[in-house]
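One letter stands for each residue in the lines below.
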Amino acid sequence: MNALTGGNYTTADGRKIGNTMMEMKNITLRFGGVVAIKDISFDINEGEIRAIIGPNGAGKSSMLNVISGFYNPQEGEVWFHGKKRPPMRPYQVARQGIARTFQNIALFEGMSVLDNVMTGRLTHMKAGMLSQMIWKGKAEAEETANREIVEKIIDFLEIQAIRKTPVGRLPYGLKKRVELARALAAEPKLLLLDEPMAGMNVEEKEDMSRFILSMNDEFGTTIALIEHDMGVVMDLSDRVVVMDYGKKIGDGTPDDVRNNQEVIDAYLGVAHD
Amino acid sequence: MPEQLLFAMEVTLNGLMAGVLYALVALGFVLIFKASGIFNYAQGVMALFAALTLVGIMDGQIPFAHIINAIFGTELHHFGWHVPALLAIILTAGVMVVFAWLVQKFIFSHLVNQEPIILFMATIGLAYFLEGVGDLMWGSDIKKLDVGLPQGINDWIDITTFEVFGYGFFIDNLDISATIVAIILVAALIIFSQYTKQGRALRAVADDHQAALSVGISLNFIWVLVWSIAGFVALVAGIMWGAKSGVQFSLSLIALKALPVLMLGGFTSIPGAIVGGLIIGVGEKLFEFLIGPMVGGATENWFAYVLALLFLVFRPQGLFGEKIIERV
Chain Y
1 MNALTGGNYT
11 TADGRKIGNT
21 MMEMKNITLR
31 FGGVVAIKDI
41 SFDINEGEIR
51 AIIGPNGAGK
61 SSMLNVISGF
71 YNPQEGEVWF
81 HGKKRPPMRP
91 YQVARQGIAR
101 TFQNIALFEG
111 MSVLDNVMTG
121 RLTHMKAGML
131 SQMIWKGKAE
141 AEETANREIV
151 EKIIDFLEIQ
161 AIRKTPVGRL
171 PYGLKKRVEL
181 ARALAAEPKL
191 LLLDEPMAGM
201 NVEEKEDMSR
211 FILSMNDEFG
221 TTIALIEHDM
231 GVVMDLSDRV
241 VVMDYGKKIG
251 DGTPDDVRNN
261 QEVIDAYLGV
271 AHD
Chain X
1 MPEQLLFAME
11 VTLNGLMAGV
21 LYALVALGFV
31 LIFKASGIFN
41 YAQGVMALFA
51 ALTLVGIMDG
61 QIPFAHIINA
71 IFGTELHHFG
81 WHVPALLAII
91 LTAGVMVVFA
101 WLVQKFIFSH
111 LVNQEPIILF
121 MATIGLAYFL
131 EGVGDLMWGS
141 DIKKLDVGLP
151 QGINDWIDIT
161 TFEVFGYGFF
171 IDNLDISATI
181 VAIILVAALI
191 IFSQYTKQGR
201 ALRAVADDHQ
211 AALSVGISLN
221 FIWVLVWSIA
231 GFVALVAGIM
241 WGAKSGVQFS
251 LSLIALKALP
261 VLMLGGFTSI
271 PGAIVGGLII
281 GVGEKLFEFL
291 IGPMVGGATE
301 NWFAYVLALL
311 FLVFRPQGLF
321 GEKIIERV
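Keeping their order, the protein sequence lines are chains Y and X.
Residue 266 in UniProt numbering sits at position 266 of the first sequence, with consecutive numbering throughout.
Residue 245 in UniProt numbering sits at position 245 of the second sequence, with consecutive numbering throughout.
Simulated from the structure, these hints should not be mistaken for laboratory data.
Computed from a prediction, not measured in an experiment: that's the story for all the values here.
We treat Cβ as the ideally placed atom computed from N, Cα and C, and that holds for glycine.
Incorrect hints may have been included.
Listed below are the simulated DSBU-like cross-link pairs for lysine-lysine, each with C-alpha atoms no more than 30 Å apart in a straight line [said to hold, decoys possible]:
| no. | chain 1 | residue 1 | chain 2 | residue 2 |
| --- | --- | --- | --- | --- |
| 1 | Y | K83 | Y | K247 |
| 2 | Y | K84 | Y | K16 |
| 3 | Y | K83 | Y | K38 |
| 4 | Y | K164 | Y | K38 |
| 5 | Y | K126 | X | K105 |
| 6 | X | K34 | X | K105 |
| 7 | X | K34 | Y | K164 |
| 8 | Y | K205 | Y | K189 |
| 9 | Y | K84 | Y | K25 |
| 10 | Y | K84 | Y | K38 |
| 11 | Y | K126 | X | K244 |
| 12 | Y | K84 | X | K244 |
| 13 | Y | K189 | Y | K164 |
| 14 | Y | K138 | Y | K189 |
| 15 | X | K34 | Y | K175 |
Derived coverage of chain X by chain Y (criterion: at least 3 residues anywhere in the stretch with Cβ under 8 Å from a Cβ of chain Y; other residues may be distant) [as the list claims (entries may be wrong)]:
| no. | stretch |
| --- | --- |
| 16 | 191-203 |
| 17 | 214-222 |
Residues from chain Y that keep clear of chain X, each with C-beta distances beyond 10 Å, as calculated [unchecked claim]:
| no. | residue |
| --- | --- |
| 18 | E23 |
| 19 | D39 |
| 20 | G82 |
| 21 | E109 |
| 22 | R163 |
| 23 | K164 |
| 24 | K189 |
| 25 | F211 |
| 26 | N216 |
| 27 | N259 |
When you get a sec, could you build the whole thing from the sequences and use the hints?
Here is the structure:
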């Protein structure tokens, strides 16, 4: 374990990190006989950018799926805001304020960008069905408020020009950005990003890094992300969990992890003689 | 105006009215297919079941009277009261919601991620099961359904057209009310799907399940909702058909007529279901009128299917369906 577990520290660039928000305790996940995650524990603090890295097949995406409720682990506990979380379905997790993006992008291809981002607000809509249908009172005020938030996010992610375009027609890089916008529209307490920069060129990666940093800075969003690109991860994140073959082999600041012999071995391979 | 043309106009109008009913049944199919990828063979039987239940409730029939009497040796048939039409319609809609919930709970929640053909087979099973249940609950005799809709020739149209053309059109009042009800229903559905939270969620689920889950939509809830809506659409279709030709078990066969409608309109398009229904309705009647006498009549039995076959050859995705292009 490292000194920063438990939260309440100040980062090198002066951001205040709060209490522990999410805690994974001894998580084990199996698919039949295959062990995808083996006895892993780590925590995520409020306001933090937390990265999960590791070689292919290390179990990173599985871990993200456990947090977002797509998988329920056979063993271990998930604690969120100081409460143990019972096994949950993905939509229940989303309603608790945990939003996510997917490695292979899951968008509503037939809808416009604006409509896609609006679906991110679904968990915040409370007005009754009939009043929404006749567009009166609370429903109208709510719709206006939601639209304002969505427009703010669309501005923030610089996708104003494509707001009315059906998502199916967009190139890959922009789709990734729309997916991020939808997740952000939920105003999540915790935002999970599954390889936000996979398949992007250098310029797009720089844009995405900028967005992630300012999301965290301006909206105070806590972010947990998976990434392959080591350089990007080390620049972005406050703390890093390293996984290999379903096990945790490192946890700490980017510098701690960079100097960890086990991590270096996992990434570069080690000579067996 | 030549008499032949006037006849054709009258036939076209009647065809449009018949098409509205086809469109209503097809609409139920499209709703479920879009949201869950299930081709619901039982849609026609649902219309029958809804109509049977409505008549049963209105007449105060005791459900499962035959079984009860057989077991206990009683002679129960009626509660002895009559329920007003509007209240009975609301109660029947409630029954269809319960039915939707049962279908989701006991059938489709166990078949998540199964092949489409398996889901289809399940709906065939459901169709026969529901037909049997309808029979047991309400009996198999033909019933008269009268919810108070005006019936018979529309005098105003008859007189007006007689004054203008010198030939009075025969348009049934029932067809006119069916058309109005269908328009209101479709308008309500469009407003629902475009402007409400649940409608948005429904479109989201129709598009991508995983993404829908990630924004906090319960798939189960949406599926129950969509089966309920399809049940309600079936109820409306059942009322119209039932009022026209009595509630009888051949009603479930109207589902088969919806099949060519869907091939024309596309399986995923609500406007397609409507336009497809109208085209089949008009086409059928006009074809019978113009070509029928040359081939000895009875073309209405096969015209729709031949038209659908032509569409399958030249435009397999239908008029409004999504064209499937595989990227290589």
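Of all the hints given earlier, name the ones this structure violates by number, lowest first.
Failing hints, ascending: 4, 11, 12, 21.
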